[in-house]
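Letter by letter, the sequence shown follows residues 1 to 284 of the numbering used here.
Keep in mind the hints are simulated off the structure, nothing from the lab.
Below are the BS3-like pairs computed for lysine-lysine, each with C-alpha atoms no more than 30 angstroms apart in a straight line:
1) Lys281 to Lys269
2) Lys16 to Lys86
3) Lys106 to Lys249
4) Lys86 to Lys73
Pairwise CB distance ranges, derived in the manner of DEER restraints:
5) Glu236 to Leu149: 18 to 28 angstroms
6) Val3 to Lys142: 46 to 56 angstroms
7) Lys78 to Thr174: 36 to 46 angstroms
For glycine and all other residues, C-beta sits at the position ideal for the given N, C-alpha and C.
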Amino acid sequence: MGVKFEPLTGRYFTLKSGGNNYRIYMEEAGSGIPMLCRHTAGSDARQYRHILADPEITNRFRVIAFDLPWHGKSNPPKGFRDAEYKITVDGYKQIINDFCMALELKSPVVMGCSTGGRIACHLALENSNYFRAMIALESSDKLEPYYNLDWLHRPDIHGGEVQAAFVSSQVARTSPNEYRWETLWHYMQGGPGVFKSDLHFYWLDGDFDDRSEQIDTTACPIYLMSGEYDCSCTPERTMATAARIAGSKAIIMAEIEHFPMSENPLLFKSYLMPVRDTILKMET
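Model the full structure from these sequences, guided by the hints.
Next up, the structure:
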(Lines of atoms letter the chains of each structure in order from A and count residues from 1; the text may use other names and numbers.)
(Lines give C-alpha, C1' and ligand atoms only; values in the text may rest on other atoms or scores of the structure.)
Protein backbone atom coordinates (compact mmCIF):
# COMPACT_ATOMS: atom_id res chain seq x y z
CA MET A 1 0.00 0.00 0.00
CA GLY A 2 2.98 2.30 0.47
CA VAL A 3 4.18 1.93 -3.13
CA LYS A 4 4.09 5.11 -5.20
CA PHE A 5 3.84 4.27 -8.89
CA GLU A 6 5.14 6.66 -11.52
CA PRO A 7 2.32 8.28 -13.53
CA LEU A 8 3.01 6.54 -16.82
CA THR A 9 1.71 3.46 -18.59
CA GLY A 10 3.77 0.98 -20.60
CA ARG A 11 2.35 -1.46 -23.12
CA TYR A 12 2.97 -3.35 -26.36
CA PHE A 13 1.25 -3.47 -29.72
CA THR A 14 2.02 -4.80 -33.20
CA LEU A 15 2.91 -2.14 -35.75
CA LYS A 16 2.66 -2.99 -39.43
CA SER A 17 5.28 -1.01 -41.33
CA GLY A 18 7.35 -1.56 -44.45
CA GLY A 19 6.15 -5.12 -44.93
CA ASN A 20 7.06 -6.15 -41.38
CA ASN A 21 5.11 -6.71 -38.18
CA TYR A 22 6.99 -5.14 -35.29
CA ARG A 23 6.20 -5.75 -31.63
CA ILE A 24 6.54 -2.20 -30.31
CA TYR A 25 6.93 -1.12 -26.71
CA MET A 26 5.63 2.32 -25.79
CA GLU A 27 5.09 4.42 -22.67
CA GLU A 28 2.77 7.37 -22.27
CA ALA A 29 1.51 9.83 -19.69
CA GLY A 30 -0.81 12.81 -19.59
CA SER A 31 -3.51 13.99 -21.94
CA GLY A 32 -3.98 16.70 -24.51
CA ILE A 33 -1.76 17.54 -27.47
CA PRO A 34 0.21 14.45 -28.59
CA MET A 35 3.96 14.81 -28.07
CA LEU A 36 5.90 11.95 -29.64
CA CYS A 37 9.41 11.56 -28.16
CA ARG A 38 12.21 9.97 -30.15
CA HIS A 39 15.32 8.51 -28.55
CA THR A 40 18.94 8.80 -29.66
CA ALA A 41 21.00 6.37 -31.73
CA GLY A 42 21.63 3.04 -30.02
CA SER A 43 19.42 3.79 -27.01
CA ASP A 44 15.69 3.62 -26.26
CA ALA A 45 12.72 5.52 -24.86
CA ARG A 46 13.86 5.21 -21.25
CA GLN A 47 15.72 8.44 -21.96
CA TYR A 48 12.37 10.24 -21.62
CA ARG A 49 11.24 8.76 -18.30
CA HIS A 50 11.79 12.06 -16.48
CA ILE A 51 9.62 13.88 -19.03
CA LEU A 52 6.88 11.26 -18.77
CA ALA A 53 6.88 11.42 -14.97
CA ASP A 54 6.60 15.22 -14.75
CA PRO A 55 2.97 16.39 -14.33
CA GLU A 56 3.89 19.97 -15.20
CA ILE A 57 4.81 18.78 -18.68
CA THR A 58 2.07 16.19 -19.14
CA ASN A 59 -0.89 18.18 -17.80
CA ARG A 60 -1.60 19.58 -21.27
CA PHE A 61 0.26 17.05 -23.41
CA ARG A 62 -0.13 13.35 -24.07
CA VAL A 63 3.54 12.45 -24.01
CA ILE A 64 4.37 9.23 -25.85
CA ALA A 65 7.76 7.54 -26.16
CA PHE A 66 8.38 4.27 -27.98
CA ASP A 67 11.37 2.07 -28.68
CA LEU A 68 12.29 1.86 -32.33
CA PRO A 69 12.34 -1.73 -33.65
CA TRP A 70 15.57 -3.49 -32.63
CA HIS A 71 15.90 -1.08 -29.66
CA GLY A 72 15.00 -1.45 -25.98
CA LYS A 73 11.91 -3.61 -25.49
CA SER A 74 10.77 -3.46 -29.13
CA ASN A 75 11.59 -6.66 -30.99
CA PRO A 76 13.44 -7.05 -34.26
CA PRO A 77 11.23 -8.44 -37.05
CA LYS A 78 10.73 -12.15 -37.56
CA GLY A 79 13.81 -13.75 -39.10
CA PHE A 80 16.14 -11.01 -37.92
CA ARG A 81 19.06 -13.44 -37.62
CA ASP A 82 19.17 -13.61 -41.42
CA ALA A 83 19.07 -9.85 -41.93
CA GLU A 84 21.34 -6.94 -41.11
CA TYR A 85 19.74 -4.10 -39.19
CA LYS A 86 19.91 -0.91 -41.22
CA ILE A 87 17.89 2.24 -40.70
CA THR A 88 17.33 4.63 -43.59
CA VAL A 89 15.64 8.02 -43.83
CA ASP A 90 12.68 6.59 -45.72
CA GLY A 91 12.35 3.59 -43.41
CA TYR A 92 12.50 5.71 -40.28
CA LYS A 93 9.96 8.21 -41.62
CA GLN A 94 7.62 5.37 -42.51
CA ILE A 95 7.80 3.89 -39.01
CA ILE A 96 7.00 7.27 -37.43
CA ASN A 97 4.16 7.97 -39.84
CA ASP A 98 2.72 4.46 -39.42
CA PHE A 99 2.95 4.80 -35.63
CA CYS A 100 1.07 8.12 -35.74
CA MET A 101 -1.60 6.64 -37.98
CA ALA A 102 -1.96 3.51 -35.84
CA LEU A 103 -2.55 5.60 -32.72
CA GLU A 104 -4.65 8.12 -34.67
CA LEU A 105 -2.57 11.02 -33.41
CA LYS A 106 -3.97 14.37 -34.46
CA SER A 107 -1.43 17.08 -35.28
CA PRO A 108 1.32 15.77 -32.98
CA VAL A 109 4.45 17.49 -31.77
CA VAL A 110 7.63 15.48 -32.31
CA MET A 111 10.51 15.90 -29.87
CA GLY A 112 13.59 13.92 -30.76
CA CYS A 113 17.22 13.91 -29.74
CA SER A 114 20.24 13.34 -32.01
CA THR A 115 18.96 10.87 -34.65
CA GLY A 116 15.48 11.48 -33.22
CA GLY A 117 15.87 15.20 -33.83
CA ARG A 118 17.25 14.61 -37.30
CA ILE A 119 14.23 12.53 -38.33
CA ALA A 120 11.90 15.17 -36.85
CA CYS A 121 13.32 17.68 -39.32
CA HIS A 122 12.89 15.22 -42.19
CA LEU A 123 9.25 14.78 -41.19
CA ALA A 124 8.75 18.55 -41.19
CA LEU A 125 10.33 18.73 -44.63
CA GLU A 126 7.99 16.06 -45.96
CA ASN A 127 4.69 16.80 -44.19
CA SER A 128 4.68 20.15 -42.39
CA ASN A 129 0.89 20.40 -42.55
CA TYR A 130 0.35 17.29 -40.42
CA PHE A 131 2.81 17.91 -37.61
CA ARG A 132 2.14 20.71 -35.12
CA ALA A 133 5.76 21.50 -34.21
CA MET A 134 9.21 19.93 -34.02
CA ILE A 135 11.59 20.09 -31.07
CA ALA A 136 14.93 18.91 -32.44
CA LEU A 137 17.42 18.30 -29.64
CA GLU A 138 21.12 18.05 -30.49
CA SER A 139 20.44 17.72 -34.21
CA SER A 140 21.88 19.65 -37.13
CA ASP A 141 21.15 19.09 -40.80
CA LYS A 142 24.66 17.76 -41.51
CA LEU A 143 27.37 16.02 -39.48
CA GLU A 144 30.73 14.44 -40.24
CA PRO A 145 31.83 11.09 -38.72
CA TYR A 146 34.18 11.56 -35.80
CA TYR A 147 35.11 8.04 -34.71
CA ASN A 148 35.58 4.60 -36.25
CA LEU A 149 32.29 2.70 -36.38
CA ASP A 150 34.04 -0.66 -36.78
CA TRP A 151 34.71 -0.74 -33.03
CA LEU A 152 30.97 -0.89 -32.37
CA HIS A 153 30.41 -4.41 -33.73
CA ARG A 154 33.35 -6.78 -33.20
CA PRO A 155 33.36 -10.29 -31.72
CA ASP A 156 36.37 -9.54 -29.52
CA ILE A 157 34.92 -6.42 -27.88
CA HIS A 158 31.92 -5.97 -25.58
CA GLY A 159 29.70 -3.80 -27.75
CA GLY A 160 27.71 -2.28 -24.92
CA GLU A 161 30.76 -1.23 -22.97
CA VAL A 162 32.49 0.39 -25.95
CA GLN A 163 29.24 2.17 -26.88
CA ALA A 164 29.01 3.64 -23.40
CA ALA A 165 32.69 4.58 -23.55
CA PHE A 166 32.18 6.44 -26.81
CA VAL A 167 29.19 8.46 -25.62
CA SER A 168 30.60 9.10 -22.14
CA SER A 169 32.40 12.12 -23.58
CA GLN A 170 29.03 13.51 -24.63
CA VAL A 171 27.56 13.82 -21.13
CA ALA A 172 28.42 17.16 -19.54
CA ARG A 173 30.67 17.08 -16.49
CA THR A 174 28.15 19.39 -14.81
CA SER A 175 25.35 16.82 -15.15
CA PRO A 176 24.43 14.92 -11.97
CA ASN A 177 26.41 11.68 -11.68
CA GLU A 178 23.24 9.67 -11.07
CA TYR A 179 21.81 10.68 -14.44
CA ARG A 180 25.13 10.39 -16.24
CA TRP A 181 25.32 6.69 -15.38
CA GLU A 182 21.64 6.15 -16.09
CA THR A 183 22.24 7.49 -19.60
CA LEU A 184 25.33 5.34 -20.12
CA TRP A 185 23.55 2.21 -18.84
CA HIS A 186 21.05 2.47 -21.68
CA TYR A 187 23.94 2.26 -24.14
CA MET A 188 25.53 -0.69 -22.37
CA GLN A 189 22.40 -2.71 -23.15
CA GLY A 190 22.15 -2.03 -26.88
CA GLY A 191 21.75 -4.87 -29.39
CA PRO A 192 24.71 -5.91 -31.55
CA GLY A 193 25.24 -3.66 -34.57
CA VAL A 194 22.30 -1.37 -33.77
CA PHE A 195 24.27 1.70 -32.66
CA LYS A 196 26.58 1.33 -35.66
CA SER A 197 23.72 1.42 -38.14
CA ASP A 198 21.98 4.28 -36.33
CA LEU A 199 25.14 6.35 -36.57
CA HIS A 200 25.37 5.65 -40.31
CA PHE A 201 21.96 7.31 -40.55
CA TYR A 202 23.03 10.20 -38.30
CA TRP A 203 26.33 10.89 -40.05
CA LEU A 204 25.69 9.99 -43.68
CA ASP A 205 22.26 8.89 -44.88
CA GLY A 206 20.34 11.49 -42.87
CA ASP A 207 22.05 14.68 -44.08
CA PHE A 208 19.66 17.20 -45.56
CA ASP A 209 21.57 20.51 -45.55
CA ASP A 210 20.85 20.85 -49.28
CA ARG A 211 17.09 20.85 -48.57
CA SER A 212 16.69 22.30 -45.08
CA GLU A 213 15.75 25.69 -46.49
CA GLN A 214 12.61 24.07 -47.94
CA ILE A 215 11.09 23.45 -44.48
CA ASP A 216 7.99 25.58 -43.96
CA THR A 217 8.17 26.78 -40.37
CA THR A 218 4.98 28.82 -40.77
CA ALA A 219 3.13 25.49 -40.99
CA CYS A 220 5.37 23.53 -38.60
CA PRO A 221 7.55 25.58 -36.22
CA ILE A 222 10.97 24.09 -35.46
CA TYR A 223 12.93 24.58 -32.24
CA LEU A 224 16.60 23.59 -32.48
CA MET A 225 17.86 23.03 -28.93
CA SER A 226 21.45 22.04 -28.30
CA GLY A 227 23.75 21.88 -25.29
CA GLU A 228 26.59 24.35 -25.12
CA TYR A 229 29.08 21.52 -24.43
CA ASP A 230 27.92 19.20 -27.20
CA CYS A 231 30.92 17.99 -29.20
CA SER A 232 28.68 16.15 -31.69
CA CYS A 233 25.97 18.63 -32.64
CA THR A 234 27.97 21.66 -31.61
CA PRO A 235 26.35 25.06 -31.01
CA GLU A 236 28.01 26.21 -34.24
CA ARG A 237 26.36 23.42 -36.23
CA THR A 238 23.03 24.20 -34.60
CA MET A 239 23.27 27.88 -35.49
CA ALA A 240 24.32 27.05 -39.06
CA THR A 241 21.27 24.79 -39.41
CA ALA A 242 19.00 27.47 -37.99
CA ALA A 243 20.38 29.95 -40.52
CA ARG A 244 19.34 27.60 -43.34
CA ILE A 245 15.83 26.99 -41.93
CA ALA A 246 14.07 30.33 -42.14
CA GLY A 247 11.87 31.00 -39.11
CA SER A 248 13.39 28.28 -36.93
CA LYS A 249 14.38 29.12 -33.37
CA ALA A 250 17.78 28.08 -32.02
CA ILE A 251 18.25 27.64 -28.27
CA ILE A 252 21.68 26.89 -26.82
CA MET A 253 21.34 25.27 -23.40
CA ALA A 254 23.99 26.11 -20.82
CA GLU A 255 25.77 23.30 -18.92
CA ILE A 256 24.21 20.56 -21.06
CA GLU A 257 25.78 18.28 -23.63
CA HIS A 258 24.20 15.65 -25.94
CA PHE A 259 21.48 14.00 -23.81
CA PRO A 260 19.52 16.83 -22.15
CA MET A 261 16.37 14.88 -21.23
CA SER A 262 18.30 12.11 -19.45
CA GLU A 263 21.63 13.63 -18.34
CA ASN A 264 20.17 16.70 -16.62
CA PRO A 265 16.35 16.53 -16.68
CA LEU A 266 15.70 19.38 -14.26
CA LEU A 267 17.93 21.82 -16.12
CA PHE A 268 16.50 20.69 -19.45
CA LYS A 269 13.00 21.29 -18.14
CA SER A 270 13.84 24.96 -17.58
CA TYR A 271 14.52 25.26 -21.33
CA LEU A 272 11.67 23.01 -22.45
CA MET A 273 8.83 24.68 -20.54
CA PRO A 274 8.95 28.01 -22.45
CA VAL A 275 8.84 26.04 -25.73
CA ARG A 276 5.95 23.97 -24.38
CA ASP A 277 4.07 27.13 -23.43
CA THR A 278 4.67 28.66 -26.86
CA ILE A 279 3.22 25.58 -28.55
CA LEU A 280 0.18 25.78 -26.27
CA LYS A 281 -0.37 29.41 -27.25
CA MET A 282 -0.61 28.32 -30.88
CA GLU A 283 -3.99 26.83 -29.93
CA THR A 284 -5.50 30.20 -28.95
